[in-house]
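Those protein sequence lines, which keep their order, are chains C and A.
Under my numbering, think of the first position of the first sequence as 6, with each following residue one higher.
Under my numbering, think of the first position of the second sequence as 79, with each following residue one higher.
These are calculated hints, taken from the structure and not from any lab test.
Given the structure is predicted, the values throughout are model-derived calculations rather than measurements.
Hints may contain errors.
[As the list claims (entries may be wrong)] Computed beta-carbon distance windows for the label pairs:
| id | chain 1 | residue 1 | chain 2 | residue 2 | range |
| --- | --- | --- | --- | --- | --- |
| 1 | A | L298 | C | E143 | 32 to 42 Å |
| 2 | A | S255 | C | Q178 | 48 to 58 Å |
| 3 | A | S106 | C | T246 | 55 to 65 Å |
We put the beta carbon where it would ideally sit given N, CA and C, even for glycine.
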Amino acid sequence: MTAPLLEVNELVTTFPAETGRAAVVDGLSLSIAAGEVLALVGESGCGKSVTALSILRLVPKPGRIESGRIRVAGRDVRALPITEMRAVRGALAAMIFQEPMTSLNPVQTVGAQVVEAIRLHERVSADVARRRCVDLFERVGIPDADARFESFPHQLSGGLKQRVMIAMALSMQPKLLIADEPTTALDVTIQAQILELLREIRDRFGMAILLISHNLGVVNELADRVAVMYAGRVAEEGTRTELLAHPRHPYTQRLLASIPSRTRRGEPLAEIPGVVPSPGEWPVGCRFTTRCHRAFEPCAEIVPDATAISDTHRAWCHAVAREESS
Amino acid sequence: MEGYVVSNAVVGALVAGAAYTVRAVRRSRQWSQAFRELGRRRPIALCAIAFYVALGLADSVAWIDASATGIAAYEPSSLVDRLFPAEFQERSYSAPFAFEEFYGGAGLRHPGQHWLGTDIRGRDVLHMALKGARVALLLGGLTSLIVIPLALFFGMSAGYFGGRIDEAVFFAISLLSSIPTLLLLIALIVALGRGPVQVCFAMGVTSWVGFSRVIRGETLKLRELDYVAAARALGASDARILLRHILPNVMHLVVITFVLLFSGMVLTEAVLAFLGIGLDGSWGQMIDQARDELARDPIVYWNILAAFAALFFLILSVNRVGDAIRDILDPRTVRENV
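Required output: the full structure, derived from the provided sequences and hints.
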């Protein structure tokens with residue numbers, strides 16, 4: 006098997022808290038093969054976005070990556086000098102953000118911004134860059150691409166802006182696209198179009214996508230594999246069907262159960278009692294102990310190891326470990 | 079080199095720069111549209127500014143006539159001076175369009191020709207008021223040119239990088255702002271001398287603080303925005319982010335500040351003139367000299383009125399145009415007006 010495109014090993018990213026530094030991402034590992042879509046799922050505040058930012062070494066100060074290894078296409082991200090890191094951003098791994106409304110500079114035309122993205126990495130004339138930009142606009146389905154080149158961000162709808170962001174991210178044909186909640190700020194019909202676009206891009210360019218989302222519907226549409234994150238760590242990972250159809254970790258099970266469904270019409274919505282503990286207040290053992298209905302003695306004290314359920318399906322849970330061994 | 083030669087060269091450079099800018103503006107659809115919009119909204123103020131600027135430039139082009147004798151052989155006279163020849167003077171005060179002197183009633187050498195009267199030494203007030211335009215433009219323009227880059231540099235680096243740099247800049251700001259501005263200004267002018275460049279430098283150094291604080295705050299806000307994060311995620315360097323993403327987004331503040339600074343500086347100079355350390359030939363100086371005249375009986379009003387009116391209309395026009403420019407340059411408001 007060839008080396009994965011993205012490999013994150015035991016990543017720890019901390020932010021200052023009242024008592025020392027709190028790990029927001031604490032020992033997270035994941036990997037993505039070329040052309041694969043991995044969805045990183047979890048509640049708000051579980052460290053999904055910080056993981057994404059860590060991969061590009063963009064964790065905002067005063068946060069910092071404490072330990073762990075991150076490799077993008079064989080390059081050790083943490084060891085690269087800043088100039089080479091800039092070459093990785095955009096050209097090897099690009100990122101699109103949640104809020105297309107604010108992700109574009111309001112005083113520049115969208116065309117100028119895409120051209121800038123191209124010319125950051127390649128010495129091409131303004132004319133060539135412009136042609137490429139219009140070409141990209143057409144590919145991401147922006148109607149009237151030539152005229153849109155001169156538009157300012159405020160003249161475009163949210164969906165169009167997200168398409169511009171995607172065009173910008175695609176400008177260097179990166180091998181990895183990190184999409185941080187790419188559809189959260191859009192309405193449902195536009196969401197579906199953007200997902201369709203992302204799928205097309207994956208198929209056409211063979212681009213790997215790290216899809217960050219709390220929306221399991223979006224995940225089900227797009228992902229090959231899914232990793233469920235809880236309080237800074239991966240709780241369970243597996244292929245889409247394994248994870249969504251046969252979840253084993255109590256957290257994943259309850260997360261899926263809390264989705265409103267037609268078969269449970271009229272019943273109250275299922276919820277997971279309690280809230281995610283904030284970083285720094287995490288239990289010593291399994292992070293989910295405080296909210297888990299299946300917790301027993303070792304859970305609060307001992308960090309669970311991975312239990313392999315199949316070649317691709319793993320869960321970090323004492324209860325699952327006990328079931329598998331019996 | 080002689081002062082007037084430098085001044086002529088500066089005028090040449092300014093005219094060349096203006097011609098280049100006009101050509102560039104004509105080529106860009108966006109900018110020529112903005113300029114047309116400005117002309118549509120503020121035609122009178124724009125004409126007034128053009129008049130002041132033309133006056134200032136005309137007064138800056140000077141030379142010595144080859145045929146000149148006496149003092150005139152050493153004193154270059156500008157285009158404006160040439161409208162008012164040296165002998166166009168009286169012995170003392172005369173009212174506008176007067177035929178005899180204000181006190182005593184002796185006949186004038188040029189009866190009815192001093193539109194704004196003459197001052198205590200018999201000089202033509204219109205001539206002096208026109209010459210004040212050059213001083214005011216030099217003062218406002220040069221000071222703003224010193225203040226804006228200083229404030230942008232310190233404000234943006236403090237806001238963007240934070241940490242030690244922020245602390246250092248803020249220390250300098252607190253230091254400067256804890257000295258009374260006027261005192262510092264006087265000290266600097268005493269130390270540097272009273273030439274126009276020195277006075278502008280002193281005024282620039284003492285007034286970048288407030289603007290720099292505004293820029294720092296704005297940068298602090300902008301640096302957290304998603305498009306800055308997005309630019310960084312695309313591999314942009316700090317310098318590029320500062321120049322392409324932060325700077326254009328604080329430009330509206332620069333435009334407003336330029337206008338406020340320009341008017342503020344011209345007005346501050348009037349205060350300095352009052353203290354006797356203003357620039358020679360400024361409206362401030364005229365007002366200062368007119369101080370005693372207001373106490374005379376009958377009152378000598380034309381001197382102060384001329385200086386005041388010239389000052390007032392320049393500042394009013396600049397404020398009006400600055401206001402319109404800000405609205406026009408903001409791409410979020412331009413749509414509604416096109």
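The hints, checked one at a time:
no., hint, verdict
1, A:L298 with C:E143: 32 to 42 Å, "holds (39 Å)"
2, A:S255 with C:Q178: 48 to 58 Å, "holds (52 Å)"
3, A:S106 with C:T246: 55 to 65 Å, "holds (56 Å)"
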